[in-house]
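Visitor: Kindly generate the complete structure, drawing on both the sequences and the hints.
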Amino acid sequence: MAKSAQELAKERLARIEAAINLQEPDRVPVWGFGGDIVPAYSGYTNYDMCYDEEKTLKASEKFMRDFPFDSSMAGITGLDGRVFCMAFAEYDDLSPLMTFITGPIHDILGDKYTRFPGREIDKTAPAQFIGGTFMEPDEYDQLIEDPVKFIAETVLPRACRNLETPRQAMATWVRLGMEIARSGAFMAEFGKMNAELGYPPFPMGWGYAPLDIIGDFLRGVSNVVLDIRRYPDKVKKATEAITEWMIKYALAYTKMGTKYAMFPLHLNEYLSPKLYNEFYWPYLKKVILALHEVGVKSIVFFEGRHEQHLETILELPKGWGAAYFEKTDVVKAKKLLQGHTCVMGGIPITLIAGGTPAEIDKFVKDLLEQVKPGGGFILAPGVAAAPADTPLENITALIEAVEKYG
Amino acid sequence: MQEELFTKIVDMDEEGSIKLAKEYLESGGNPQKLLEVCRNAMGVIGDKFEKGEYFLSELILGGEIFGSIMEFTLPHIKEGESEKLGKIVLGTVKDDIHNIGKDIFKAFVEAAGFEVIDIGVDVPEEEFVKQVKEHKPDIIGMSCLITAGISSMKRTVEAIKAAGITDAKIIIGGGRVDEEVRQLAGADAWADDAAKGVRLCKELVGVKG
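Protein sequence lines correspond, in order, to chains R and W. Take any residue in the first sequence, note its place counting from 1, add 149, and you have its number in our numbering. Here our numbering is used: position 49 in the second sequence is 45, and no number is missing along the way.
The hints are simulated quantities; they were obtained by calculation from the structure and are not laboratory data. Warning: the hint list may mix true and false statements.
What the hints assert, rightly or not - Taking lysine to any residue and the SDA-like style, the derived pairs with C-alpha atoms no more than 25 Å apart in a straight line are:
| no. | chain 1 | residue 1 | chain 2 | residue 2 |
| --- | --- | --- | --- | --- |
| 1 | W | Lys29 | W | Lys80 |
| 2 | R | Lys272 | W | Ile115 |
| 3 | R | Lys423 | W | Lys29 |
What the hints assert, rightly or not - Beyond 12 Å from chain W on every Cβ pair, some chain R residues (computed):
| no. | residue |
| --- | --- |
| 4 | Asp175 |
| 5 | Glu203 |
| 6 | Gly227 |
| 7 | Thr314 |
| 8 | Ala320 |
| 9 | Trp322 |
| 10 | Val370 |
| 11 | Lys404 |
| 12 | Ala439 |
| 13 | Gly444 |
Note that the Cβ used here is the ideal one computed from N, Cα and C, for glycine as well.
Guide: Put into structure tokens, the structure is as follows:
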């Protein structure tokens, strides 16, 4: 007899939680992906996924029903909006609400950080974060002095067309509040659909590496890596100043009952071990530890290649959470982190996009043989977004292979 | 001077290397020689990256130093005096608006002696074809960061082949590119970092080292 949605959700949650808690689950959990394939599977566009809630719900439901992973990444499109979380960091009831820039929020703010389908780019293109430079090097002292004030009063009016003057800002923030309240109903409906399909509730908060705030939202990625050489003391002091507010923001989520916090990292791959250990990791570590102290486990997505920094993960307390890798060799990572950190990753999304079912079957078999023993592993795509023309039989092959070899 | 400048660039001494290069030119130094030293230094930075001694931040800073020195050096070099290894038409494919990978690669491949025609980001297939027909490059370089770019690369390669362009080699690059994507797209080579990309471009035009 088929399992009820409730049973299925309970089973999936137990599986994921066992892995994060470094135990052996009933089988290796597999983390799902979303991306352009989700609208394409229903004949919709990326524009629909950003601006049409009914179509977003329909497309997500169809994809999640037909491709049952243990968790789903399909759904509402939102891009990183952490700079707004920093601007609202004094208010625990508001800062978590600013985490994502959705299509309607992009329109309301007129932000220059993102490009949305049907707006700046084609309806077929996915929404993209591009960042930018909204602060000059001689302004580091202001950032150090009071990061919230500097971001709210100086950076945001430059970064958002609709926040340029205080008068515009009044209207924009009211509109934003209305939009957040309005979209709550849709979020609830989306949650209900998840439950009906047997996907477990996964109360997730968010964190961010403090230096990434400077790279992604204030100075731009290329500039911040140059600043590290040109004004090292200032970059360090600014990162330190942001850290305090980042911790406050990450902890604000716990008031909503979250048990996990996801961190998407960006500059980790850019930095040599020396720079990483001086400018990036100590501050990221502080945020992870602050969450650990209140019992929240972090899931940190180490973007790109993280081999050069792997050992630093061992500086965290055992059982702190999960290290999610993109291009780092998960076999090597698992060996090093076994019994200390749950390891996530392992599937190149290009294999799903360009391989065959037989290749996928063999790949999953070989990989799981090496990483399954001892538990503490979650199979996940390196990048959780599949292209529109991903062969559907490949997605099924992945799910079946995990059933067989997990 | 040459050895000192070379070491300063490789060691990422931005201020020191720019100052030294300026002084050299102002005291009547040979701009062609200066260019050569800078190129060699960029080559070594690329090698260090491939060996895992340097990382993306060093590639960005290296490109920045090279660009700063070239700004006041190139006006002293006459057109045609420096021989090019080949011509590359370079762009980020349709539906992808990211430029950072493309720009890092561009700095290094130019330093290696290639002429680059940068056609921007979110470049539609037909624009790639048009630019390639106009510039007749030895190599077509396609960049992408997001996975949507994988589908666009495939379509762009198809469009180029359908237009009867067969003499230009195609290299694809970007963080999410690998052998699987190369096969899927039907490209000649792939690289997920700038240093490898430069090495492969040299191979594609038959230059050693």
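Visitor: If a hint holds in the structure, say so; if it does not, say that too.
Guide: Going down the list of hints, with the structure as the test:
1. W:Lys29 with W:Lys80: Since the Cα atoms of Lys29 (chain W) and Lys80 (chain W) sit roughly 15 Å apart, the hinted pair holds (cutoff 25 Å).
2. R:Lys272 with W:Ile115: At roughly 22 Å apart (the allowed maximum being 25 Å), Ile115 (chain W) and Lys272 (chain R) satisfy the hint.
3. R:Lys423 with W:Lys29: violated, 33 Å
4. Asp175: Non-interface label stands for Asp175 (chain R): nearest chain W Cβ at 31 Å, farther than 12 Å.
5. Glu203: Check passes; 23 Å lies beyond 12 Å.
6. Gly227: Nearest chain W Cβ is 15 Å from Gly227 (chain R), so the label holds.
7. Thr314: holds, 28 Å
8. Ala320: holds, 28 Å
9. Trp322: holds, 28 Å
10. Val370: Check fails; 6 Å does not lie beyond 12 Å.
11. Lys404: holds, 34 Å
12. Ala439: holds, 27 Å
13. Gly444: holds, 34 Å
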